[in-house]
Structures are given as structure tokens and as C-alpha cells.
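Protein chains: 2
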Amino acid sequence: MSMLKGNAVVGQSGGPTAAINATLSGVIRGALAHSDVIPTIYGMRNGVDGLLREDLINLSEIFNEKKLTDLENTPAAALGSCRRKLPKPGENDAVYEKLLEIFKKNDIRYFFYIGGNDSMDTVAKLSAYTAENDYEMRIIGVPKTIDNDLVVTDHTPGFGSAAKYIAVTIQEIIRDCAVYTTPAVTVVEIMGRDAGWLTAASAIGRAVNGISPDLVYLPERAFDMDKFFCDVKACLDRHPNVVIAVSEGVRFADGRYVGEGTQSGVADAFGHKYLSGTGKALELAVKEKFGCKVRSVELNICQRAAAHLQSKTDIDESVRVGKGAVDAAVSGITREMMTIDRVSDAPYRAEIGHSDVSKIANLIKKVNDEFINAEGNNITDAGINYLLPLIAGETAPEWKDGLPVYCIL
Amino acid sequence: MSMLKGNAVVGQSGGPTAAINATLSGVIRGALAHSDVIPTIYGMRNGVDGLLREDLINLSEIFNEKKLTDLENTPAAALGSCRRKLPKPGENDAVYEKLLEIFKKNDIRYFFYIGGNDSMDTVAKLSAYTAENDYEMRIIGVPKTIDNDLVVTDHTPGFGSAAKYIAVTIQEIIRDCAVYTTPAVTVVEIMGRDAGWLTAASAIGRAVNGISPDLVYLPERAFDMDKFFCDVKACLDRHPNVVIAVSEGVRFADGRYVGEGTQSGVADAFGHKYLSGTGKALELAVKEKFGCKVRSVELNICQRAAAHLQSKTDIDESVRVGKGAVDAAVSGITREMMTIDRVSDAPYRAEIGHSDVSKIANLIKKVNDEFINAEGNNITDAGINYLLPLIAGETAPEWKDGLPVYCIL
Chain A
38 MSMLKGNAVV GQSGGPTAAI NATLSGVIRG ALAHSDVIPT IYGMRNGVDG LLREDLINLS
98 EIFNEKKLTD LENTPAAALG SCRRKLPKPG ENDAVYEKLL EIFKKNDIRY FFYIGGNDSM
158 DTVAKLSAYT AENDYEMRII GVPKTIDNDL VVTDHTPGFG SAAKYIAVTI QEIIRDCAVY
218 TTPAVTVVEI MGRDAGWLTA ASAIGRAVNG ISPDLVYLPE RAFDMDKFFC DVKACLDRHP
278 NVVIAVSEGV RFADGRYVGE GTQSGVADAF GHKYLSGTGK ALELAVKEKF GCKVRSVELN
338 ICQRAAAHLQ SKTDIDESVR VGKGAVDAAV SGITREMMTI DRVSDAPYRA EIGHSDVSKI
398 ANLIKKVNDE FINAEGNNIT DAGINYLLPL IAGETAPEWK DGLPVYCIL
Chain B
38 MSMLKGNAVV GQSGGPTAAI NATLSGVIRG ALAHSDVIPT IYGMRNGVDG LLREDLINLS
98 EIFNEKKLTD LENTPAAALG SCRRKLPKPG ENDAVYEKLL EIFKKNDIRY FFYIGGNDSM
158 DTVAKLSAYT AENDYEMRII GVPKTIDNDL VVTDHTPGFG SAAKYIAVTI QEIIRDCAVY
218 TTPAVTVVEI MGRDAGWLTA ASAIGRAVNG ISPDLVYLPE RAFDMDKFFC DVKACLDRHP
278 NVVIAVSEGV RFADGRYVGE GTQSGVADAF GHKYLSGTGK ALELAVKEKF GCKVRSVELN
338 ICQRAAAHLQ SKTDIDESVR VGKGAVDAAV SGITREMMTI DRVSDAPYRA EIGHSDVSKI
398 ANLIKKVNDE FINAEGNNIT DAGINYLLPL IAGETAPEWK DGLPVYCIL
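So the sequence lines, in the order shown, correspond to chains A and B. Per our numbering: the first sequence = residues 38 to 446. Per our numbering: the second sequence = residues 38 to 446.
Pulled out of the complex, with its shape left as it was, chain A reads as follows (with noise of 0.2 angstroms):
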């Protein structure tokens, strides 16, 4: 494969992370390493939408050590974000020939979009686009979802950060629950629309400590309520305060949110309807069924924001995905999405790959099986170990007056 020489943009996209700015300062370093071949890199400011107006900014002149650091310790998307899809080729060309001009114009080759499902799609149409038109360029597409509903990829950045607060978090409320010996049952709704990663993470504790939700429900599994009523009355019975972690995603076997329940009929003082949620749902239920005491937390964007909870981790690795995509660009690869591949388990050990982005778009990756219990109620030893390393480690960022210190473009 042959150098290929110009100028770098890189672009955030889909909703934010506490270590998709990380993932922005490896594509940096990575850049910076090879000057050589790409002389700039500019930032997209909110993604495409930005790219398109040609709202660009040199991060190639901004940036030194201390701030590539800062940066890693920021939470959200520091060159902002969209939620663009672009449309399917043939339908509207006009936005691919104002993106080709824009390269042309500014003598980009190396295209990098760090972002979910959708980002992947980009990369991938893009990558169509740029081919049939001759412009040679690398695009390469660098995971980031604390969702972690990848494939292919081990896990993806964000998640460890995000799984590191839910895991830390849970142990904290159970702590809190556990003061008072009156029953009381505490229901903890985490995201996760499709797929339960991150409300599986809350169970780590129980391999560490023995600290973990009595209960755990996942959407891939059907929401029974007759038999969630058993699983609390059993745990009623064993002690006072019961701790339960749900899915914001938990159906009923017909394919029905639980949450929705809370939203046919309910109208506020103004006339309004609205979904009160999940954990809500399960709190009314609870207490309409056993009349305890009954509450309901939705940890809400804290568990995507929370850089001062950084997993080290997730941090290490978000890193190296950007730098690794700008290695792999500058060695030939394009049209692929950077991986992270588990070499080993104990101790831990993950390399960057990359892999065709058409076999990633567009797909959702479940929670494994065997990492869930029988029951369907918790989290087996299995998927635990899976999950452990992952939040492995703290990161340590600056802190001024008592807050931590950001890098804001």
C-alpha cells in the first residue's frame, strides 16, 4: 500500500462518554506521532453537521502534553456531537459533494469518526462514497458506547468508565439502604435500551466484597411481573433492605416496556402524559403489592458523565483505539472499525485490531447467555469475570478548588 500524504479530521458523534475525549486525545497523539505523513489535524466541531459547514479546528496547534491529559480526564464530547445520519447513496448526493469539496479543499485523506452504530454507518457510506468517485482516502471508524452493544469488538470504550460508576454507585446505595431494619426495597434503573451491559455491571461487587443488588434484570430476558413479585418476597423474607438493578430496556413477553405501564393513563396537573420510567414502574408495582417502603433511583447521564470515576482501564484502551486507528489509516487500512480483542482474561491482556465496518453497523450485541443466571434474575460468575477487568484501575485527574480541571476546545 502506498503513503498517502495529507491532512487529518477527526469528528465525535452519537451521545457522550467519559472517555470518548480520551479516544479524541489518542487520534491526536497519533497524528502528532506521524507529521511525517499527516501535516494537520483538524477537529469537526459537532460531527459532520460541523464538517459540512466547515466549521473546523487545528488541533495540530493547540495541543501539548498537559492538555492531551486534561483532555483524557474530560467528560462529553469536547469538539461536540450530532446525531446525523447520512442518507443512503443516490438518495441525496449533494451532502456527499459538499463533504468531498470540503476534503478536497483542505487536502484531508484521513478521515476518523469516533462514535456508535450510526458513526459506523457513516464511515461505512462515506468509505463507498470517496471510493467510486477516485478521492483516496483512509477512513476509519473508532468505537465509543457505554452501551457496549458492539460486535466484534471485546467491549467497547466508554463502557468501562460507565460500568466502573454503576458498579461503585449500586455498592454506595446499598450501603445506604442497609442503615435503617424497617423492609424497605430500592429499585435502581440504569440505561440500556436493547441490551443489559451496563445494569449487569452493577453485580461486580458480590466477586469482590459480597456488596451487590439482590436482584438484576436485563432486557434480554422477558419481564414476568408475577414472578418478579416472587424474587422480592424472597428476598423480603431473607432481609430488610432489598436493592434491585433494572434495565431502562426490561419487556413483558408481548414486547411491551414495563415502563410504559407508568405512562398509559398517567397525565400530570397540566394535562400532560408522560413515561415515568422503569425503575417508577417497579417502585408503584412493589408498593401496591407489599405496601413497604418502596423507592426508586434512575442514575440517569451521571453514569455516562462521570469522568472523575474513570475506569483506567476503559481510559488506557480509549486511548490506544485512536492512536491505533491513525496507525493502521497510515499503514493502508481503510472502510474498518478499530476492535479490541481479550487476549487473556487472568490477567488481563487486550490488543487493537480493526474489522470490516459493514459487518458492524447497524447490529446489536446482547448480553452473552451463559452471563446470565438461570433464573434470569442476576448475573452468573461467568459473565462477572467477563466484566471485572474492565473497570480495573483509577485514573488521576487534576484537581483545582476542589473540582477537576477540563480541557474545553
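Keep in mind that the hints are not guaranteed to be accurate.
Where chains are identical, the list cannot tell them apart; a pair therefore holds if satisfied intra-copy or between any two copies.
Restricting the straight-line Cα-Cα distance to at most 27 angstroms, the calculated cross-link-like pairs of lysine-lysine (DSSO-like) are [stated by the list, open to error]:
| # | residue 1 | residue 2 |
| --- | --- | --- |
| 1 | 122 | 264 |
| 2 | 330 | 122 |
| 3 | 324 | 270 |
| 4 | 270 | 330 |
| 5 | 122 | 135 |
Calculated from the structure, these hints are not laboratory results.
Since the structure of chain A is already known, use the hints to place chain B on it.
Just chain B now, with coordinates in the frame of chain A:
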């Protein structure tokens, strides 16, 4: 004052915090340092509830330096808690007689109660009873509450850590919200039924790095929905990502809680009525008024349980106040609550003092007028100057396999 030799008992009461175990550690450290006067220090499980069952644990025997340090980094009440309020003297003397019997049986002469308002009430009543019955005791209240609403003391142990959690978390939420360009409003509901101290802490970032909520509403000011809409509109005119911090306890001028609006008439599919909260009420109101994307986030019990994000200043003071309680008691003080007295702002310096518990129990300290801006929708620089030193510094809990190490009693 004569030397009083005898055993000690310590209990924790009320809602847990991320620092109440640091105070417990301080009391144990103090007792161990005075072992010539206090041969044994007992812990009562679940506060006075456990004491009445004589459910005591010998703390002198089981603690070493490593265990005390772990205890200081462990969230919630390691001894358990209770919500019992002692009867008025004369109403039910059986409770007091039982307590006195247990004190005599175990040669207990020192009583330390770590808690909030109700606990100070317990200290006052028990002091009166034992004095009247000629049983010499030293009875000291040691404050803790994330709400910071106790009078006389400059601030309460536990507040600084909760304030730090809120200050850091709101920064992460603001960065998360900043990634898209579509107009959106995010309402963050923060604990504080009667006083807005915790919500005020959301504004701290303004003085450090400029990242703070656009609007901050405390229960100290009557909430006006029309004024609120004007405030929000002005923010949306300036930038697309509006973040609002609001105390759960904000009320309209007529005294109704803002969160009550969502209660009346709201019922779920099972026919339950429920209070969905202040944040949800404002989310729905903004959605109806502006039609833009709106969401609400409730920080919930995480804000009082997050030991992984303690303020070092808070933990150091929490230990000091616990040790100081034993020092004071041994020197002859009784029927007092320990206080933290601020000596200077810059550099911040505080001393441990004590004050008559009857001047403290059952009173609420509101946020100072000069800490709230004239519009009643943000915090003044004076307010931030008060708050800033209280979140300073980070603790270094021990981690094992990606999770913090706790001390479980």
C-alpha cells in the same frame, strides 16, 4: 470538674452521609486516646433503638489504624441508624429508665450521638433525665447532616462532601448537555426540603472554571412560575443548552410545593397517585411552555452516599469533631453539641468548639440572604466564597479490583 471514669457509647442517627463514619472514627480515636479514663467504647447498633435492646459492639477491641482509615472512607452509617425521637420527659419514663439501667449495667458514663436535629433533641432530653436522676454522665451531640441546616455551627460535617458531589456532578452534566446544538433544557433536582445549601453548591464552578448552572432556585425564595419562564426564555435566547438547579423543597408563595403540582390528579396504570418531584414538575412546565427538548435529573440518594467523592476538608473536620467531642467530654463538658467555628476564609481555617444543645435542637438554618442574588435565581459571590473551602481537597480511599474498600461492622 472532677475526672469521670467509665465506658463510652457512640451511636449514629438520622439519614446517612458520606462523612458520618469519619466522625465515628474520630470518636473512636478520641476514646482510644483517653483509654485511661474510658476503658471501653461501645457502638450501639441502629442508634437508640439498638441501645434499648442492649445491642452493643465493643469498638475498642476491633479497631486499628487501617480499619479506622477504611471507616473514614465508607459511606452511610456503619453502626446503622434509626429515626426514633425520645418521648418528652414525664410522658414515658420507661424508655429513660431502661436506658439508665443499661448505662449502669455497662458502666457507661459517656454518650456520643452523631446526628442531625432529632439527635440533638435526644441529647438534650437524655441530659436532662440523667441529671435529674443523679447519674453523672457526659452527653455530647456530634452534628452531621448533608443539609447544613443546623444553627450555631458554621457548617455541618457531611455537608462538604455532598456539596462536592453536587458541584462535580453538575459540571459533568453541563458538559454532557453542551454537546448538541439543538435547544434543550435540563433541570437538576437537588436535596434540601427546607434549606437550599446543597443546591447553592451547584454554583461553585462559576468561581473556579466558569462552568455552572444558568439558574439556581432555593426554598428560601418563593417560586413564581411566570418569573421562571422569563428566566428560562432569557437563557434560551443566549445559548441552546440551559441547565437549571432546583431544590426539591421550592414552594410557591402560597406555601404549596412546586412538586405538588404533579401529584394532584396524577395516577399510573395501577391507579396510584404519586409525587413525581420538583424536577419533573418543572420539566413538564418547560416542555409545555417552550416545546423544546427538556429532561430532569434527580440526584437522589447518590448525593449523600458518594463516599468516592468526599471532600478532604469535610472528612478531616468530621474526624476532628468526633475526637473533639471525646476531649470535651473528658474535660467535663456535657449537654453540648460540637461545632465547627470558621476562623478565617482565606486561608480557610476552622476550629472545633461546642455550644449548648438546647440552643440548636429543632431550629433550621436557612441560606443567608446575602448569598442569594436579588433576582432570586442564582448564588452571589459571597455565597460561593462561603462554600468554596468546604469542598476543597480529595481523599484517597483504598481500591481493590476497581471498587473502593469499605469497613463493614
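Taking the hints in turn, this is what the structure says about them:
| no. | hint | in the structure |
| --- | --- | --- |
| 1 | 122 to 264 | neither (40 angstroms within a copy, 39 angstroms between copies) |
| 2 | 330 to 122 | between (45 angstroms within a copy, 20 angstroms between copies) |
| 3 | 324 to 270 | within (12 angstroms within a copy, 39 angstroms between copies) |
| 4 | 270 to 330 | within (14 angstroms within a copy, 39 angstroms between copies) |
| 5 | 122 to 135 | within (15 angstroms within a copy, 72 angstroms between copies) |
The earlier numbered hint that this structure contradicts is number 1, and it is the only one.
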